[in-house]
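So the protein lines, in turn, are chains Y and P.
First residue of the first sequence: 469, per the working numbering; consecutive thereafter.
First residue of the second sequence: 69, per the working numbering; consecutive thereafter.
There's no promise every hint is true.
[As the list claims (entries may be wrong)] As a list, the in silico SDA-like pairs of lysine to any residue whose alpha-carbon atoms are at most 25 Å apart:
1) P:Lys246 - P:Asp73
2) Y:Lys915 - P:Arg369
3) Y:Lys655 - Y:Met498
4) P:Lys347 - Y:Ser559
5) P:Lys347 - Y:Gly560
6) P:Lys347 - Y:Asp577
7) P:Lys347 - Y:Lys672
8) Y:Lys766 - P:Lys347
9) Y:Lys562 - P:Gly337
10) Y:Lys904 - P:Trp376
11) Y:Lys546 - Y:Leu798
12) Y:Lys643 - Y:Ala605
13) Y:Lys562 - P:Arg345
14) Y:Lys796 - Y:Arg837
15) Y:Lys562 - P:Val296
16) Y:Lys562 - P:Glu316
17) Y:Lys915 - P:Val324
18) Y:Lys672 - Y:Val688
19) P:Lys195 - P:Arg163
20) Y:Lys678 - Y:Tyr522
21) Y:Lys662 - Y:Lys796
22) Y:Lys562 - P:Glu343
None of these hints come from the bench; they were simulated from the model.
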Amino acid sequence: MVQPRVIVVGAGPAGVRCAETLVAAGIRPMIVDEGRRDGGQIYRRQPDQFSRPYSKLYGTEAARAKSLHDSFEALRAKVDYWPETLAWNISGGKLYTARDGLASDHAYDALILCPGATDRLMPVKGWQFAGTYSLGASQIALKAQACAIGGNVVFMGSGPLLYLVANQYVQAGAKVAAVLDTSPFSKRLRALPKLLARPDVLRKGATLVKSLKKSGVRIVSGIEPVEIHGHDQLGVEGVSYRDSCGTVQRIACDAVALGYHLRPETQLADLAGCAFTFDASTHQWLPQLDAMGRSSVKTVYLAGDGVRVLGADGAEAAGALAALAVLKDLGRPVDAARVDALKRERAKMDRFRAGLADAFPWPAQHAARLSDDTIVCRCEGISVGELRRVTLEEGAREANRAKAFSRVGMGRCQGRYCGHAAAEVIAAAAGVPLDKVGRLRGQAPVKPFAISTIPVSVTTPEPTEVAEGK
Amino acid sequence: MSRIDADVMIVGGGFMGVAAAFFLRQRGRSVVLLERGLVGQQASGTNFGNVRRQGRFLPQLPLANRSREIWGKLPELIGHSAEFLKSGHVRVCYRQEQDDGFEIYAREAAQYGLKLDLYRGAQMRAKFPFLGDEVLSASHSVQDGHANPRLAAPAFGRAAARAGARIEENTEIATVEKDGDLFRATSTDGRTFCAPNLLITAGAWGSQLSAQFGEPVPIAIHGPQMAVTEPVPYAIGPVVGVSSPFIEEVLYFRQVERGNIVIGGCARGPAYLDERRAKVLPESTLLQFRQMARLAPALTRLNIIRVWSGVEGYMPDDRPIMGRSGKVDGLYYAFGFCGHGFQLGPGVGDVMAELIDTGATSTPIDPFAIQRFATTASAVPVEA
Numbered sequence: 469m470v471q472p473r474v475i476v477v478g479a480g481p482a483g484v485r486c487a488e489t490l491v492a493a494g495i496r497p498m499i500v501d502e503g504r505r506d507g508g509q510i511y512r513r514q515p516d517q518f519s520r521p522y523s524k525l526y527g528t529e530a531a532r533a534k535s536l537h538d539s540f541e542a543l544r545a546k547v548d549y550w551p552e553t554l555a556w557n558i559s560g561g562k563l564y565t566a567r568d569g570l571a572s573d574h575a576y577d578a579l580i581l582c583p584g585a586t587d588r589l590m591p592v593k594g595w596q597f598a599g600t601y602s603l604g605a606s607q608i609a610l611k612a613q614a615c616a617i618g619g620n621v622v623f624m625g626s627g628p629l630l631y632l633v634a635n636q637y638v639q640a641g642a643k644v645a646a647v648l649d650t651s652p653f654s655k656r657l658r659a660l661p662k663l664l665a666r667p668d669v670l671r672k673g674a675t676l677v678k679s680l681k682k683s684g685v686r687i688v689s690g691i692e693p694v695e696i697h698g699h700d701q702l703g704v705e706g707v708s709y710r711d712s713c714g715t716v717q718r719i720a721c722d723a724v725a726l727g728y729h730l731r732p733e734t735q736l737a738d739l740a741g742c743a744f745t746f747d748a749s750t751h752q753w754l755p756q757l758d759a760m761g762r763s764s765v766k767t768v769y770l771a772g773d774g775v776r777v778l779g780a781d782g783a784e785a786a787g788a789l790a791a792l793a794v795l796k797d798l799g800r801p802v803d804a805a806r807v808d809a810l811k812r813e814r815a816k817m818d819r820f821r822a823g824l825a826d827a828f829p830w831p832a833q834h835a836a837r838l839s840d841d842t843i844v845c846r847c848e849g850i851s852v853g854e855l856r857r858v859t860l861e862e863g864a865r866e867a868n869r870a871k872a873f874s875r876v877g878m879g880r881c882q883g884r885y886c887g888h889a890a891a892e893v894i895a896a897a898a899g900v901p902l903d904k905v906g907r908l909r910g911q912a913p914v915k916p917f918a919i920s921t922i923p924v925s926v927t928t929p930e931p932t933e934v935a936e937g938k
Numbered sequence: 069m070s071r072i073d074a075d076v077m078i079v080g081g082g083f084m085g086v087a088a089a090f091f092l093r094q095r096g097r098s099v100v101l102l103e104r105g106l107v108g109q110q111a112s113g114t115n116f117g118n119v120r121r122q123g124r125f126l127p128q129l130p131l132a133n134r135s136r137e138i139w140g141k142l143p144e145l146i147g148h149s150a151e152f153l154k155s156g157h158v159r160v161c162y163r164q165e166q167d168d169g170f171e172i173y174a175r176e177a178a179q180y181g182l183k184l185d186l187y188r189g190a191q192m193r194a195k196f197p198f199l200g201d202e203v204l205s206a207s208h209s210v211q212d213g214h215a216n217p218r219l220a221a222p223a224f225g226r227a228a229a230r231a232g233a234r235i236e237e238n239t240e241i242a243t244v245e246k247d248g249d250l251f252r253a254t255s256t257d258g259r260t261f262c263a264p265n266l267l268i269t270a271g272a273w274g275s276q277l278s279a280q281f282g283e284p285v286p287i288a289i290h291g292p293q294m295a296v297t298e299p300v301p302y303a304i305g306p307v308v309g310v311s312s313p314f315i316e317e318v319l320y321f322r323q324v325e326r327g328n329i330v331i332g333g334c335a336r337g338p339a340y341l342d343e344r345r346a347k348v349l350p351e352s353t354l355l356q357f358r359q360m361a362r363l364a365p366a367l368t369r370l371n372i373i374r375v376w377s378g379v380e381g382y383m384p385d386d387r388p389i390m391g392r393s394g395k396v397d398g399l400y401y402a403f404g405f406c407g408h409g410f411q412l413g414p415g416v417g418d419v420m421a422e423l424i425d426t427g428a429t430s431t432p433i434d435p436f437a438i439q440r441f442a443t444t445a446s447a448v449p450v451e452a
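Starting from the given sequences, assemble the full structure and let the hints guide the process.
This is the structure in structure tokens:
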């Protein structure tokens, strides 16, 4: 039978399990990945000349990381793997890529987007000082390069990653000045019923906290960040926060890892024309999705943390499910029992996701209290005060309008890091519900794109007869 | 049901509409402006931002000159600079025919008061060192420059509102007709607007409205293909644009003081009147990259961070529709500016206000009269 053209974007847990399921059905997918190697962010591989063992790199998740890497190795000859490749645009049923300075385009019958997530960030005064990193970046520095972001690090924000990365820093021998969590402990207790959907993960979380405490790391819950102190030249010097009694405390440090859980990377889905809906529980716009991973666009499928942050295990299930959806839509036979099992697995993960959202909520209420001199858009250096000014004085009560007038979201990140917080600032200033502020329209390129890129015409292989897989 | 009366009703809150509203208020006329979305969202807000006179159809220069004078006075006039920068504008070419054309154009433009300096060879390379080897000559207009399209029309709109114009955003018109001496528009939310004068400044949608008064025009709909780089130190003074008979060579760029370089040209993209959206084709972006390697090779070391487009209306003779209706008393048009309306915006507003207020204009606009399409049989908007 004629080989359908199937493209998977991303080679993390979702992308690899998706490709594996496709290959098992006799399809040879193209895998486009920004990374130098497979594994995504969570199971990011270290450079070839590094020799840290799995147990050291991935801790409790070592077995899962090994399993995913091994699966990918087994697939290598059966897929067209494009590492270090930027998927910069989607238009007219084609994916546009750039690799090694060469641009090409690829028509597809099915496109599965598994682009992963990045940190969700709420500004804090002083977060533009050198030495402030996102939580994810501070983990990547450690995992990929065996570097710490500083010699005395404060972890501030909320979410499970806060405790995981702090613990990884302690294990690696770095000094952790404090873990400051905006979520009060009571919220975590109340979220327990939902979190019990995955008792093993809950137990791992508790172990992380215990281990941090045992190492003498100060953990404070229910805080509100006040300021990151520092100098333009010298960078971060310390952090101030308001404790749950309302007292402002100050801690000295030379680096801050900041993050409030994760946000899906939805730009490609946006460029593909997928419909989005507002998710009130997490205060964000997310692509519409069915239980199998189908988007609102017929040939576009979405899986992993790039569409719903279910974590790595959830992403593996979602990736396989999306592949089964593709197979079903291509008219291939699909094992109904496997679909049901994966759907149950995914539903369990989703219940846990909802628990995490309750336990470590996005601190939307902080946006209204940010001082006018706090930078909201770090790329363009735009203050909260300027964003409030265009909202109130120039009537920019919609996200794209406020962007046009203030430049918030116009820089290198294109609003990926400031967009959520900016929307909260606008909503609070204008006194309108967050969903009425809308969302920043996605525009190509997905990441900065070199003008030196030269287009090449890709010779698409002739459709070939291939044997049906098992 | 509420009814709002004014001397002049303006339909369309693009640059032309809000500028006309502002200048009508300066003449003491009451104004209501109806805008379906927000002021300056389409072509007015998404274009390149050129404040360029050279290269225009010569009989348009008096209008462009009048507009240029207003650009220089924006802070005093509307309390906002719209980031207008008198940076100069350089028109360059790769071929002898265009070089010859530059000479002729410079002589003729001088008759209209536009001074152009021609540079070639070593002199050109010393003055504009970033130009690529293929560039043959450069025509420099010192007095021209660029401004920020995202800010200009909204700033005019706010100034008009402060001066007493009613700017009704998010107001979609269900019907518009002439009833005796009055034009009457009804919005989809049931409000009625009445005025003895109606000015249609609906851009790419202009023909949909002029057709209701028996004057359809053959307008084609396209989207400009825009991109912007990351910021780099501010170093390139003038706006730079290529003159060529081949559209794929017609690349232009400008650097804003913040440092980003705005790029456009080489192609036109598809635009959709119903969705009010236009697209940048990936091929256009890649084409611009190739042309940048010819025009200013050093800039190929930068990254672009965003592309965008907007809905523009083009006339077959590349000239706008501007002036009085040929059929209905009290009806006026200013739309279809063929991708070169941004520089003209303030001038068009001023001239249309003068025309509506006094019945005549001190700046010639005859070549833009809608009557030139009166014999066109079929004039359905073309989406492309």
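Going down the list of hints, with the structure as the test:
This hinted pair checks out: Lys246 (chain P) and Asp73 (chain P) have alpha carbons roughly 14 Å apart, not beyond 25 Å. For a cut-off of 25 Å, the pair hint linking Lys915 (chain Y) to Arg369 (chain P) stands: about 15 Å separates their Cα positions. Under the criterion of a C-alpha separation no larger than 25 Å, the hint pairing Lys655 (chain Y) with Met498 (chain Y) is inconsistent with the structure, at around 43 Å. For the hint pairing Lys347 (chain P) with Ser559 (chain Y), the CA-to-CA distance comes to about 9 Å; that is within 25 Å, so the pair holds.
For the proposed pair Lys347 (chain P) and Gly560 (chain Y), the alpha carbon gap of about 11 Å is at most 25 Å, so the pair holds. Of the pairs offered as hints, the one joining Lys347 (chain P) and Asp577 (chain Y) holds, with about 22 Å between alpha carbons and a cut-off of 25 Å not exceeded. For the given pair, Lys347 (chain P) sits about 48 Å from Lys672 (chain Y) by alpha-carbon distance, which is inconsistent with the 25 Å threshold. With a C-alpha separation of about 20 Å, the suggested pairing of Lys766 (chain Y) with Lys347 (chain P) holds against the 25 Å cut-off.
About 17 Å separates the Cα atoms of Lys562 (chain Y) and Gly337 (chain P), which keeps this hinted pair within 25 Å; it holds. In summary, the hint linking Lys904 (chain Y) to Trp376 (chain P) is supported, as the alpha carbons are separated by about 23 Å, within the 25 Å threshold. Between Lys546 (chain Y) and Leu798 (chain Y) the CA atoms are separated by roughly 19 Å; this keeps the pair inside 25 Å, and the hint holds. Straight-line distance between C-alpha atoms of Lys643 (chain Y) and Ala605 (chain Y) comes to about 17 Å, which keeps the hinted pair within the 25 Å bound.
Of the supplied pair hints, the one linking Lys562 (chain Y) and Arg345 (chain P) holds, its CA atoms being roughly 20 Å apart against a limit of 25 Å. Proposed proximity of Lys796 (chain Y) and Arg837 (chain Y) is contradicted: the alpha carbons are some 50 Å apart, above 25 Å. As the CA atoms of Lys562 (chain Y) and Val296 (chain P) are separated by approximately 23 Å, the hinted pair is consistent with the 25 Å bound. Annotation: proposed proximity of Lys562 (chain Y) to Glu316 (chain P) holds, straight-line Cα distance about 22 Å (limit 25 Å).
For the proposed pair Lys915 (chain Y) and Val324 (chain P), the alpha carbon gap of about 21 Å is at most 25 Å, so the pair holds. Under the criterion of a C-alpha separation no larger than 25 Å, the hint pairing Lys672 (chain Y) with Val688 (chain Y) is consistent with the structure, at around 19 Å. Distance restraint check for Lys195 (chain P) and Arg163 (chain P): the Cα-Cα separation of roughly 20 Å lies within the 25 Å cut-off, and the hinted pair is therefore satisfied. About 22 Å separates the Cα atoms of Lys678 (chain Y) and Tyr522 (chain Y), which keeps this hinted pair within 25 Å; it holds.
Among the hinted pairs, Lys662 (chain Y) with Lys796 (chain Y) is inconsistent with the structure: their alpha-carbon atoms are about 32 Å apart, more than 25 Å. Taking the CA atoms of Lys562 (chain Y) and Glu343 (chain P), the gap is near 22 Å; set against the 25 Å cutoff, the hint holds.
When each numbered hint is compared with the structure, violations occur for hints 3, 7, 14 and 21.
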